[in-house]
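Chain by chain, the residues run as shown.
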Amino acid sequence: MNSPLKENAMPRTAAATRGAGPTSPSTASMFVRHPLFRPLAALVLLLLVDLLLVPGFFHLEIKDGHLYGSLIDIANRAAPLVLAALGMTLVIATRGIDISVGAVVAISGTVAAMLIGGASAANTPMALALCAAMGAALLCGAWNGLLAAGLGLQPIVATLILMVAGRGLAQLFTDGQILTVYYTPFFFLGSGYLFGLPFSLYIVGAVFLATALLMRKTALGLFIQAVGINPVAARLAGLKTAVLIFFVYVFCSACAGLAGLMVSANIKSADANNAGLLLELDAILAVTLGGTSLAGGKFSLAGSVIGALIIQTLTYTIYSLGLPPEVNMVVKSVVVFLVCLSQSAEFKNMWRALRAKTQGGAA
Amino acid sequence: MASPYFTSLVTVVLLAVLLAAGGVAYPGFLSLQVLFNLLIDNAFLLVIAVGMSFVILSGGIDLSVGSVLALTTMISAWLLQSWHLPPLLVIAIALALGAGFGAAMGAMIHYFKLQPFIVTLAGMFLARGLCYLISINSITIDDPLYVAMSQTQLPVLGGFISPGALIALLTLAAAVYVAHCTPFGRAIYAVGGSEQSALMMGLRVGRTKVLIYAFSGFCAALAGVLFSFYMLSGYGLHAQGTELDAIAAVVIGGTLLSGGYGYVAGSLSGVLVLGTIQTLIAFDGTLSSWWTRIVIGGLLFVFCVVQRLMALGAGRKT
Amino acid sequence: MAILSSAPAPVPVLELRGISKAFPGVQALSGVALNLYPGEVHTLMGQNGAGKSTLIKVLTGVYTPDQGQILLEGRAIQPSSTLDAQNLGISTVYQEVNLCPNLSVAENIFIGRYPRKRGGIDWAGMQRQATELLERMQIRIDVSLPLARYPLAIQQMVAISRALLVSAKVLILDEPTSSLDEKEVELLFNVLRGLREQGMAILFVTHFLDQTYAISDRITVMRNGEREGEYACSELSRLELVNKMVGAQAAVAPALAAAPAQAPAPSASSKLTTFLRAVGLGRKGALSPMDIELRQGELLGLAGLLGSGRTEAARLLFGADKADSGSIAIDGKECNFASPRDAIAAGIGFCSEDRKHEGAVLELSVRENLILALQARTGILRAIPLRRQQQLAEEYVKALGIKTASIETPIGTLSGGNQQKVLLARWMATEPKMLILDEPTRGIDVRAKQEIMDYVTALCRKGMAILFISSELPEVLRVSDRIVVMRDRKAGGQYPRGALDENSVLQVIASGDVHE
Amino acid sequence: AKPLVIGFSQVGAESEWRTANTVSIKDAAKKDGITLKFADAQQKQENQVKAIRSFIAQRVDVIAFSPVVESGWDTVLREAKAAKIPVILTDRAVNVSDPSLFATFIGSDFVEEGRRAGRWLLERAKKTPDTVINIVELQGTVGSAPALDRKKGFEEVIAGNPKLKVIRSQTGDFTRAKGKEVMEAFLKAEGKKINVLYAHNDDMAIGAIQAIEEAGMKPGKDIVVISIDGVKGAFEAMIAGKLNVTVECSPLLGPQLMQLARDVVANKPVPKRVVTQEGVFPAEVAAKEFPNRKY
Ligand SMILES: Nc1ncnc2c1ncn2[C@@H]1O[C@H](COP(=O)(O)OP(=O)(O)OP(=O)(O)O)[C@@H](O)[C@H]1O
Ligand SMILES: Nc1ncnc2c1ncn2[C@@H]1O[C@H](COP(=O)(O)OP(=O)(O)OP(=O)(O)O)[C@@H](O)[C@H]1O
Ligand SMILES: [Mg+2]
Ligand SMILES: [Mg+2]
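Chains as they are written, first to last, in our numbering: chain A, 151 to 513; chain B, 223 to 540; chain C, 28 to 543; chain D, 59 to 353.
These are computed hints drawn from the structure, not numbers from a lab. Source: prediction; values computed, not measured. Just to be clear, a hint being listed does not mean it is correct.
[What the hints assert, rightly or not] Below, in silico cross-link-like pairs of lysine-lysine (BS3-like), each with a Cα-Cα straight-line distance of 25 Å or less:
(1) D:Lys-346 with A:Lys-213
(2) A:Lys-367 with B:Lys-335
(3) A:Lys-213 with B:Lys-335
(4) B:Lys-335 with A:Lys-507
(5) C:Lys-144 with A:Lys-390
[As the list claims (entries may be wrong)] Short, incomplete list of chain A residues facing chain D, as computed with Cβ under 8 Å:
(6) Phe-208
(7) Glu-211
(8) Gly-215
(9) Asp-223
(10) Ile-328
(11) Asn-423
(12) Ala-495
(13) Glu-496
Positions of the beta carbon are idealized from the N, C-alpha and C atoms, including for glycine.
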């Protein structure tokens with residue numbers, strides 16, 4: 151496909167450098183200029199609000215031999231979102247988008263719950279059930295990848311198909327029922343603790359590290375960026391663009407599948423209709439909040455993790471503040487707007503100019 | 223390169239095939255009124271898709287449309303029922319608010335260099351949230367004009383269509399004219415082709431982008447007005463997920479999501495394809511809820527793949 | 028420093044004073060002054076990265092200068108956007124083609140100033156006018172097709188036509204000729220001369236000395252972001268000009284400035300081993316079946332006019348497009364390329380003519396761009412160690428004289444010529460057995476051009492097979508061991524070195540063979 | 059005779075309750091030899107309108123549907139009336155200007171369900187007349203009819219006892235995951251102060267029960283849990299002593315619906331409102347009742 155390339159490099163750099171003279175890079179300014187600074191600052195600010203307004207927010211105690219407190223809750227609940235966001239990051243880096251994430255969450259959770267069954271002993275050995283669930287997720291990814299990379303369908307329609315049909319499949323497996331699981335080892339995945347910390351954190355940490363290493367230690371990161379920025383040039387340089395894009399969708403679905411296991415293990419049941427509902431939107435939001443552009447190219451895995459944490463902290467803050475549910479959405483949108491604005495160099499310049507003007511007027 | 227022209231053409235051909243298949247399988251499917259019902263029932267979606275196609279042609283995306291629609295129904299109902307304002311004034315206010323909401327998002331996108339996806343996603347939350355601030359209940363509209371608009375049947379060829387469907391078609395016609403015959407329309411294509419180049423060629427990129435989102439907001443509000451004619455109520459839960467339907471319709475209609483290529487008129491065929499799939503399933507009447515989802519997904523799949531393969535083949539021949 | 032004996036007009040239309048502009052890590056311009064008078068063609072010269080394009084962008088509102096003043100007809104102006112500059116009467120063609128690939132050719136010329144008819148756009152009138160405009164430059168194409176369908180050279184002409192459309196006071200052309208062949212250049216110059224007669228002030232950037240002397244009245248030389256001086260064209264010899272561009276420290280070989288001469292004796296090409304042989308290679312609508320043979324240690328030149336099918340031939344050889352007839356054999360073994368990967372695996376490299384769309388990955392750094400092809404060949408899993416990457420990048424930056432703040436700078440911020448060098452280095456780094464160079468010297472300054480061609484010839488002598496495409500006939504004639512002349516997307520005759528001179532090539536192009 | 063054709067537009071399959079409802083209707087139709095045209099609206103009102111229009115186009119004998127929303131049905135019901143097709147509402151009522159637009163409405167009363175939950179709590183509160191009882195509430199989807207009505211009915215009743223206080227109320231979207239997540243936050247914010255949890259459906263209650271257990275408290279004892287619907291999972295929880303009471307909201311409308319449809323077509327008089335038989339099941343009767351549960 152000979153689609154036109156987006157020339158976004160120029161305006162971005164031009165914008166970033168407009169009016170900025172040569173500056174001596176001190177450590178402080180380098181820190182402030184770091185692309186992760188702004189998302190991190192937003193997260194810290196949110197936590198600060200919690201510190202001031204929610205008594206006991208940072209209170210941690212040991213209960214039943216593990217840490218217990220709001221922060222742990224946030225990390226625990228954010229885990230599936232972080233996973234989904236990690237997968238989504240790579241898809242977005244190749245200029246794609248995957249809106250079937252929520253459906254894959256439902257499918258993998260359902261498959262696992264179905265195989266383990268509703269008895270206190272597992273029908274199928276748990277390892278096998280988990281593998282089958284991940285296998286289903288990988289199949290979903292392969293399907294998406296085939297449509298997007300093989301057939302060249304536009305990513306949003308390619309994944310729309312699974313988004314619509316996937317949940318239906320999951321419901322078909324369960325006959326529309328919520329499957330409750332009573333097999334305790336399965337719960338460990340979603341609400342178990344290891345060395346006092348939620349087990350899900352270890353999973354997320356492992357996936358993050360593995361992905362980051364894969365990007366660093368192999369050429370995958372470079373290739374994904376190249377494909378995202380200029381697919382034509384990438385192909386001419388000898389990259390297997392189709393294979394890369396295929397891989398990225400498989401990876402994203404694998405992450406979603408893992409997230410699905412976590413979600414269903416956490417609520418000890420598989421809810422095909424509601425598990426991971428709208429998770430794709432939150433994942434995309436997390437990726438963008440973390441500073442990765444939806445136009446593809448440069449990406450930041452750490453940024454996406456921070457983005458996911460911002461979203462979950464925000465949700466949790468709304469609950470903790472005791473706001474009436476009618477205002478949830480308004481608060482959420484206002485915070486997203488503010489975080490976005492804080493990330494905009496243009497906004498900062500404008501604000502600075504305005505302040506200079508008012509001060510100049512006063513003087 | 224598979225040209226969007228072929229893709230659009232292929233969509234129309236496949237739509238005809240889909241309808242013919244329905245006619246063969248289900249008695250009564252190919253009656254005129256069923257076809258008109260497609261228009262009546264999807265009028266609001268068509269209007270939203272028209273606005274969305276402008277946004278997508280310019281290389282952007284607008285996720286807020288469904289919520290803006292809901293907000294419009296809510297504000298209209300509230301102004302009519304609680305404030306007893308005259309209906310025409312209410313409609314004017316609603317349209318102005320929609321356009322203003324879109325313009326504000328467009329301005330944020332352009333002037334602060336924010337990503338359309340994230341800005342309009344926040345806009346989506348905001349509009350939906352504002353609905354609940356007005357009321358979490360649904361508000362019934364009993365204004366005579368609205369009721370008349372809702373129940374009037376304009377006879378056409380032995381069947382009838384609703385005023386809403388007519389308005390939607392007029393909107394489409396106007397939008398096609400704007401897209402293809404006005405400098406603003408062409409600037410949209412230019413921005414979608416290459417924003418950087420458009421800027422270097424001296425086009426008013428900023429103004430264009432703000433106007434595009436304002437237009438999309440306007441269309442969403444207009445769809446909201448049509449929706450309140452259709453449902454005679456304002457409700458915060460109206461039209462959930464409509465943004466995805468609209469995007470799907472636009473893309474199925476042959477417009478490239480990366481911007482610059484496609485036709486506004488394609489949104490009509492896209493909307494009709496989605497509507498036909500739903501009608502087919504309703505006529506079948508034997509599918510359980512999950513099979514409905516699976517079959518919709520399956521039909522979408524078959525449609526998109528055939529469309530893609532045919533477009534590829536056609537592109538190769540030229 | 029500047030010696031101005033004859034000022035062409037009393038008041039300059041456009042005057043720049045002390046313009047400075049810095050980018051992170053680079054002082055792109057420092058205190059640059061420039062005077063542009065009505066009715067003159069003023070050439071801006073300087074090495075790659077000297078700051079020419081930046082100066083033009085400051086002048087036309089793309090960048091805001093850190094310091095300095097711009098005066099238009101004596102009044103200070105501060106253009107804040109290109110639109111602003113256009114409204115002020117400054118019309119510009121930028122170095123990288125800035126048009127919309129999805130719009131038709133006609134629209135690209137007229138967008139923003141459509142002819143109107145009854146409230147709408149006068150499509151028919153617009154297409155007619157566009158066709159006429161292009162015909163003035165002897166380009167006959169279907170203006171209703173999207174721009175992306177046409178090769179770069181046509182796009183360049185479209186961009187120029189667009190700039191010519193407005194009745195501006197000042198016309199700025201940043202390397203408009205880099206992808207044009209001689210015929211096109213001559214046509215363009217005729218148009219420019221006409222405009223000069225009408226009193227328009229033209230600012231022109233080029234790396235071609237011949238062109239400079241053919242058209243310009245005065246020359247401003249830039250070096251390292253500073254103005255070296257402003258000279259009347261008649262009073263500056265080629266040698267002086269080159270020396271001023273490169274700087275006094277490097278007393279340059281007069282060869283650089285000299286008109287192209289015949290280079291070293293041809294090797295006995297018949298004894299060389301064949302690396303690649305293509306038989307009946309063709310693609311419907313793009314290239315009629317042709318035979319071509321590349322030998323190790325031999326430089327094969329492809330000559331021809333624009334649109335003669337050279338790029339098509341190169342893309343087929345590289346597997347970038349799929350051939351629908353013919354076969355390719357490498358080292359005698361049949362192999363058909365399904366994608367560039369296969370060609371690369373067979374030891375072929377391809378430097379595309381369209382660096383913005385097919386070469387550079389703009390947001391990635393110089394280092395990453397440079398190692399991309401090598402890494403692709405090594406494979407995903409075996410990442411080249413960072414140290415090795417840096418070493419490679421440093422090496423090539425030095426070897427090719429790439430002007431960049433560091434190897435970690437995004438390639439998009441490099442000057443056009445330097446981007447081109449990085450892309451060349453990308454292929455050199457893969458140490459290919461055969462290299463296809465499609466307009467590799469496009470937008471490269473005289474000195475670098477010489478260096479690059481020397482480098483390429485040296486590689487060739489060491490046993491690499493090279494396919495060289497250039498619209499600069501003299502260059503092709505000078506470096507090629509063998510020349511294939513193409514016309515109408517067909518391969519014409521094949522000629523050994525020395526069998527052709529410029530006139531006879533043109534003759535071949537015109538009639539298909541040399542007539543004694 | 060030609061078999062009766064009923065067009066039924068279902069809301070969706072968003073919960074177990076809804077699935078049971080669908081199954082009941084389908085089974086009843088099959089048993090009675092009635093042809094059922096079933097259309098799923100995926101929780102969207104506009105899809106229901108589309109489905110009803112297509113039923114009219116297919117000239118079915120009776121149209122039945124569970125409206126997603128109460129308002130907005132005038133136009134399409136008028137079209138049905140013009141086509142002389144009687145309409146039966148199930149499960150939720152509609153708000154129309156002309157009551158002759160539908161023949162009858164069969165279904166539960168959400169407000170009443172809320173009241174029943176409230177009354178159960180009032181009774182229980184009588185045992186400890188002096189202590190203040192702090193209630194947290196998990197609402198259904200914001201703006202949805204069951205959420206609004208169950209909240210309203212509950213509030214109406216507990217207003218009678220000033221010692222009963224709702225200290226937190228947040229939406230759990232009718233899902234287990236959200237119910238758990240929100241309850242976690244409640245527990246951190248209010249801790250031991252919470253005495254009662256009132257959940258608008260069983261799923262949220264089941265999620266919340268897990269959160270309570272993970273916080274080291276005993277659901278059903280430290281915190282009294284009240285919920286609505288009466289699905290199987292709730293009975294299991296009650297048997298395990300983790301849930302105190304569930305107010306039934308029966309989805310098994312199928313047989314009654316078929317009977318009504320036949321009557322309507324035969325022009326027999328039918329009551330305008332048919333309320334389904336529903337009970338309140340405290341934990342004490344759970345074990346006995348459990349084998350009878352169909353959903
Ligand atoms: N947007 C930018 N960000 C950072 N550096 C830049 C940017 N644009 C240009 N530069 C730097 O400014 C210097 C001057 O570049 P410029 O493009 O003006 O050179 P030029 O004279 O036009 O060269 P060429 O002949 O190769 O086109 C170069 O070192 C380049 O890397
Ligand atoms: N002067 C011209 N008039 C009409 N069409 C032209 C002209 N020059 C080039 N073309 C177009 O050029 C295309 C072939 O370009 P191709 O890239 O194969 O040639 P090329 O020899 O590599 O030229 P270039 O040096 O411009 O890349 C054809 O589609 C043809 O329509
Ligand atoms: Mg330049
Ligand atoms: Mg070429």
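Hints breached by this structure: 1, 2, 3, 5, 6, 7, 8, 12, 13
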